[in-house]
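Chemist: Residues per chain, in single letters:
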Amino acid sequence: MNRNCWPLFFLLSLAPLHAQWLNYPTKGAPRTSDGKVDMKAPAPRTKDGQPDIAGIWLPNGLKYLINIAADLKPDQVPFQPWALALYKERRANDGRDDPNNKCLPSGTPEKDAVTSPYKIMEFPGEVVILYESRTIYRQIFTDGRTMPKNFKPSWQGFSTGKWEGDEFVVETTGLNGKIWMDTNGHPLTEAAHVTERYHRLDYGHMTIQITIDDPKAYTRPWTITENPSLEPDTELLEYVCEENNRDARHIVGK
Amino acid sequence: MRLAILFMIATFVAAAQVKRTPDGKPDLSGMWAPEPVFSIHAKATALLLNREATPVQSDPDLRCTLPGVPRIDFEKPFKILQHPDEVVILYQDYTTYRQIFTDGRALPEDPQPTWLGYSVGKWEGDTLVVESAGFNDESWLDSAGTTHSEALHVTERFHRRDAKRMDIAVTIDDPKTFSHPFTVEEHARLLPAGELTEWICLEERGIQVRLGAER
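Protein sequence lines correspond, in order, to chains A and B. Using my numbering, read the first sequence as starting at 1 and increasing by one per residue. Using my numbering, read the second sequence as starting at 1 and increasing by one per residue.
Think of the hints as simulated: they come from the structure by calculation, not from any bench. Backbone N, C-alpha and C fix where the C-beta goes; we use that ideal spot for every residue, glycine too. Hints are supplied without guarantee of correctness; some may be wrong.
As the list claims (entries may be wrong) - Restraint ranges, calculated between C-beta atoms of paired labels, are given here:
hint: 1; chain 1: B; residue 1: 189; chain 2: A; residue 2: 28; range: 35 to 41 Å
hint: 2; chain 1: A; residue 1: 28; chain 2: B; residue 2: 16; range: 33 to 39 Å
hint: 3; chain 1: B; residue 1: 126; chain 2: A; residue 2: 177; range: 45 to 51 Å
hint: 4; chain 1: A; residue 1: 177; chain 2: B; residue 2: 144; range: 34 to 40 Å
hint: 5; chain 1: B; residue 1: 103; chain 2: A; residue 2: 93; range: 45 to 51 Å
hint: 6; chain 1: B; residue 1: 103; chain 2: A; residue 2: 165; range: 28 to 34 Å
hint: 7; chain 1: B; residue 1: 171; chain 2: A; residue 2: 86; range: 38 to 44 Å
hint: 8; chain 1: A; residue 1: 244; chain 2: B; residue 2: 181; range: 45 to 51 Å
hint: 9; chain 1: B; residue 1: 15; chain 2: A; residue 2: 47; range: 50 to 56 Å
hint: 10; chain 1: B; residue 1: 54; chain 2: A; residue 2: 93; range: 37 to 43 Å
hint: 11; chain 1: B; residue 1: 175; chain 2: A; residue 2: 86; range: 35 to 41 Å
hint: 12; chain 1: A; residue 1: 152; chain 2: B; residue 2: 103; range: 34 to 40 Å
hint: 13; chain 1: B; residue 1: 151; chain 2: A; residue 2: 78; range: 40 to 46 Å
As the list claims (entries may be wrong) - A short list of chain A residues far from chain B (calculated; beta carbon distances all over 12 Å):
hint: 14; residue: 62
hint: 15; residue: 63
hint: 16; residue: 66
hint: 17; residue: 70
hint: 18; residue: 99
hint: 19; residue: 102
hint: 20; residue: 157
hint: 21; residue: 163
hint: 22; residue: 167
hint: 23; residue: 174
hint: 24; residue: 178
hint: 25; residue: 195
hint: 26; residue: 199
hint: 27; residue: 240
hint: 28; residue: 244
The following block holds chain A by itself, in its conformation from the complex (with noise of 0.2 Å):
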């Protein structure tokens, strides 16, 4: 198998199998005459007027999760000289060292693009992501709080969120140091300051733009834009990597 080929491979078999799940219709949900979801249908609001962004959501495809950057051209990206180094490596090593060909979870925000369903729920003071990928929850919280001053950095880090209009704006620092932000290996440094804009726009389709602001791997803050689908009638499964994980053992790069 050609080599470039190896992260392509470890992607698919993430492939999600939520069609094993039985069939649960989405309580509310608009319905075309045929009785399919609405997917154009306006956006729900909650209770204070805001688009309500709780649901199951795919992101569309792989593409962001091999590249955060596939909409930008290569030298949009503001890499620092030994974070380019650093990124050239990690391509020409199959991705080796991706820390989830060791079962390490993604961080934050390489979750928004992974193609496993995740569904976000809201509650008093705090939004909850329930992701199957790895059946692992995040929490972004809303009651005002801000990041402790002993809290150890970690791979999804310290998230607090608000409204802006119709966004949903997350804000998170606290990270690791040790996340690449796609299978391409894009860096990103316990220094980073990560801002994810989330907007739903009807209601089967969002955006969430993505601010790197990252002074040590990047020379100045740059954004991108993912476009996740609504996952209607459906529910998330069981995913544990460390179950049966071959990975790791075929990519040996270079």
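Add chain B to chain A, keeping to what the hints say.
Modeler: Relative to chain A, chain B alone:
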């Protein structure tokens, strides 16, 4: 008689301290710390149908897969979040979660077996009764190494006794493993200022452990 009346008053006062959600159910939300339970079977009268000891090396925790149910209830703090249609438990352990559907759906009939199973819940008075099935036969019921079959059915009864305390009665029904169903009483206390932190098994255990198990 006087004692009985006092006890009733005390119970009533304790129950009155428990907030309610807008739909009138007791609000179980919050961070909870369980009293550790090492062996679920220690005090049970049910007989193990297969008394072969489980080797410590077969502990799925050493492979960093996922703990089973109810083992995951017994060790580290967890946070309960409550919607009318669904209760979510976020566990410190493995930064993993369980979804408990309270929208009236039934348990799936022939699901793909999983580590944490499938759960549905309903309210019986002020008690949230959670029924779970669809487990694989690899998880342990506790840290002592009590194993089970895919026929396992777990019932957890969550009752917030007062503002600070939760009683969780866990009934294990697995006719292929135990002579009859038995129940373990578990208790958890509220952690008012507590919060979850990320807990990644491979990092906690060291990756070498996993690679060792894989060879």
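Chemist: Evaluate each hint against the coordinates.
Modeler: Going down the list of hints, with the structure as the test:
A C-beta distance of roughly 37 Å is found between residue 189 of chain B and residue 28 of chain A, which places it inside the suggested range of 35 to 41 Å. As the Cβ distance of residue 28 of chain A to residue 16 of chain B is approximately 34 Å, the hint placing it in 33 to 39 Å holds. At about 47 Å, the CB distance of residue 126 of chain B to residue 177 of chain A agrees with the hint of 45 to 51 Å. For the hinted restraint 34 to 40 Å between residue 177 of chain A and residue 144 of chain B, the CB-CB distance of approximately 38 Å keeps it satisfied.
With their beta carbons about 47 Å apart, residue 103 of chain B and residue 93 of chain A fall inside the hinted range of 45 to 51 Å. As the Cβ distance of residue 103 of chain B to residue 165 of chain A is approximately 32 Å, the hint placing it in 28 to 34 Å holds. Taking 38 to 44 Å as the suggested C-beta distance range, the pair residue 171 of chain B and residue 86 of chain A does not conform, at roughly 54 Å. With their beta carbons about 32 Å apart, residue 244 of chain A and residue 181 of chain B fall outside the hinted range of 45 to 51 Å.
Between residue 15 of chain B and residue 47 of chain A the beta carbons are some 29 Å apart, a value that contradicts the proposed interval 50 to 56 Å. One distance hint, 37 to 43 Å for the beta-carbon pair residue 54 of chain B and residue 93 of chain A, holds here, with the actual separation near 41 Å. Between residue 175 of chain B and residue 86 of chain A the CB atoms are about 56 Å apart, so this pair departs from the stated range of 35 to 41 Å. For residue 152 of chain A paired with residue 103 of chain B, a C-beta distance near 36 Å keeps the hint of 34 to 40 Å intact.
Evaluation of the 40 to 46 Å hint for residue 151 of chain B and residue 78 of chain A yields a failure: the beta carbon distance comes to about 58 Å. Consistency note on residue 62 of chain A: stated as away from chain B, and its beta-carbon is indeed over 12 Å from all of that chain's, at 24 Å minimum. No beta-carbon of chain B is positioned within 12 Å of the beta-carbon of residue 63 of chain A; the least distance is around 27 Å. Separation of residue 66 of chain A from chain B is adequate, the least Cβ-Cβ distance of about 24 Å exceeding the 12 Å criterion.
Non-interface call for residue 70 of chain A relative to chain B: holds, since the shortest CB-CB distance, roughly 28 Å, exceeds 12 Å. Against chain B, the non-interface label of residue 99 of chain A is violated: not every CB pair exceeds 12 Å, the least being about 9 Å. Some Cβ of chain B comes within 12 Å of the Cβ of residue 102 of chain A; the nearest lies about 6 Å off, and the non-interface call is violated. At roughly 9 Å from the closest C-beta of chain B, the C-beta of residue 157 of chain A falls inside 12 Å, breaking its exclusion from the interface.
At the 12 Å boundary, the C-beta of residue 163 of chain A stays outside the reach of chain B, the nearest C-beta of that chain being 19 Å off. The beta carbon of residue 167 of chain A sits about 23 Å from the closest Cβ of chain B, which is more than 12 Å, so the claim that it is off the interface holds. Against chain B, the non-interface label of residue 174 of chain A is violated: not every CB pair exceeds 12 Å, the least being about 10 Å. Distance check on residue 178 of chain A: its Cβ comes as close as 10 Å (rounded) to a Cβ of chain B, failing to clear the 12 Å threshold; non-interface status is violated.
Here residue 195 of chain A stays apart from chain B, with its beta-carbon at least about 20 Å from theirs, past the 12 Å limit. Annotated as non-interface, residue 199 of chain A keeps its C-beta farther than 12 Å from every C-beta of chain B; the closest such distance is 23 Å. Listed as outside the interface, residue 240 of chain A is inconsistent with that label: its C-beta sits roughly 5 Å from the nearest C-beta of chain B, within the 12 Å cut-off. Not every CB of chain B lies more than 12 Å from the CB of residue 244 of chain A, the least distance being 10 Å, so the non-interface label is violated.
Comparing the model with each numbered hint stated earlier shows that hints 7, 8, 9, 11, 13, 18, 19, 20, 23, 24, 27, 28 do not hold.
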